[in-house]
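Trainee: These are the residues of each chain, in order.
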Amino acid sequence: MLKSKKIVLVGHFGVGKSSLIRRYVQNVFSDDYFVTVGVHIVKKVVQVNNQELTLLIWDIEGKEDMKKLRPSFLLGTSGFIYVLDASRPSTYEILEDELDFIRTNYPKTELVTVANKIDLVDKESFIATLGEKAPWITHFSSAKTGECVELLFEKLAHTLVQ
Amino acid sequence: MTDTEKLLQLKNLLLDEDRELAQKILQKLDELQHTIDTKPELAEKVNPIIDDKLKVFTEEIPGKLGPTIALALEEQIKNSQEQVVNILFPIIGKMIKKYIASEIKALSDSINAQINKTFSFKRYTVKIKSFFTGFGQTEVMISEMAKSKVVQVYIVEKGSGLLLGSFSKQNTIDEDMLAGMLTAIKSFGEDAVQTGDQSLELIEYEFYKIYLKNFHTYYVAMVISGIFDDVFKNKLEDDLFRFAKKQINPNIQNKAVLNTQLAHFFKDA
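Protein chains in written order, with my numbering: chain A, 1 to 162; chain B, 163 to 431.
Everything labelled a hint here was simulated from the structure, so no lab data went into it.
Note that the structure is a prediction, hence the values are computed from the model and not measured.
Mixed in with the good hints there might be a few duds.
Just the calculated beta-carbon pair ranges, DEER-fashion [unchecked claim]:
1) A:G131 to B:K331: 55 to 61 Å
2) A:T138 to B:F377: 33 to 39 Å
3) A:E96 to B:V419: 44 to 50 Å
4) A:E96 to B:D391: 54 to 60 Å
5) B:R404 to A:E52: 28 to 34 Å
Derived lysine-lysine pairs resembling DSSO-like cross-links, with alpha carbons at most 27 Å apart [to be verified]:
6) B:K408 to B:K371
7) B:K417 to A:K3
8) A:K67 to B:K320
9) B:K331 to B:K375
10) B:K331 to A:K3
11) B:K417 to B:K320
Each residue gets a CB set at the ideal place from its N, CA and C atoms; glycine is no exception.
Only chain A is shown next, with the shape it has when bound in the complex (with noise of 0.2 Å):
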């Protein structure tokens, strides 16, 4: 039977939340910027363990604070993906509260961390700079590159049906 999983990504604005969906839904890449507004819904039919699963991917508008996101749209959701901009030290600051507040509020529900635009800075460099946080970061991507995109997904794919 065709199963079905929401994945919503959340982090800050311009960490690459739509460029990591278009580069894993449509395999392409745009240095052109373009804010979401309000949310944008994909689709995309995977094989996972000999079975069809429907992701239903929702990329919703950044935020710099998790608590600032429309609740409604987080409901129902089988998997978080957190975005960070590997460039940019502001979007993963305050990390250790956004993923708390995930896990607070959404116990039930997988959550992959992922620093993106990984092609932009040195990314033995990027870890040290992250400390105690380091850890927490599962993946490491560029939707420019392409680097751990597929995987980020599929590996998540991969937890939701077991």
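With chain A's structure known, arrange chain B on it following the hints.
Mentor: Below, chain B alone, put in the same frame as chain A:
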């Protein structure tokens, strides 16, 4: 012959021809004067020339004067819009009225033709309905044509916006994405207006409506064409409650079964 006679003869010989010519010229002048003074005769001569000139002029107007006239008209309309509207309004109104009347007549004729041609059970039902309601058979047929119809049905999980089941009588965009966006619109509207526990119930377009009925864990969105009045709404709600109890609740996790049941239940709705 005397000298005088000889002179006269010579004079006649020399001047007779001139005199004759002068006489003829005078006669022609008289005729010309007569033609000018007599309107029918003048018209007979001049009209073909004027007609020819007019013909050429008429042919050349669009090319030579068209742009100038158009510019002048445009300027005039711009400067005196109210007057133009006042003048045109009754004319356009009449034209529209006439057009609608003729279209309705055409529709009526086509229905009449259909009634006459079709020797069917439906003809008798229309006849019976017409007899009891007092309306003509054509009116009954028109009301039948404007009847509400359920065109698409979506059962959507609340919150997540995931599609639990669907049925459509026509091709549509991706149903999963439609369910998601519909949920986002619904949530956004409900959040934005902040009117307590109230939910979005109807999205109205020109020729169809999306009626949303909330249940505990899911909602049903129905795309309806035709006239959506309270009578139809009440009937639809009754049908929906019956369907929810019998089919949705027991099969909520089984999309394939729900799709089959929806198609069976709503195919004639």
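Trainee: Each hint needs a verdict: does it hold in this structure or not?
Mentor: A quick look at each hint next to the structure:
| no. | hint | in the structure |
| --- | --- | --- |
| 1 | A:G131 to B:K331: 55 to 61 Å | 60 Å, holds |
| 2 | A:T138 to B:F377: 33 to 39 Å | 37 Å, holds |
| 3 | A:E96 to B:V419: 44 to 50 Å | 46 Å, holds |
| 4 | A:E96 to B:D391: 54 to 60 Å | 56 Å, holds |
| 5 | B:R404 to A:E52: 28 to 34 Å | 32 Å, holds |
| 6 | B:K408 to B:K371 | 26 Å, holds |
| 7 | B:K417 to A:K3 | 9 Å, holds |
| 8 | A:K67 to B:K320 | 21 Å, holds |
| 9 | B:K331 to B:K375 | 20 Å, holds |
| 10 | B:K331 to A:K3 | 24 Å, holds |
| 11 | B:K417 to B:K320 | 16 Å, holds |
In this structure, every one of the numbered hints holds.
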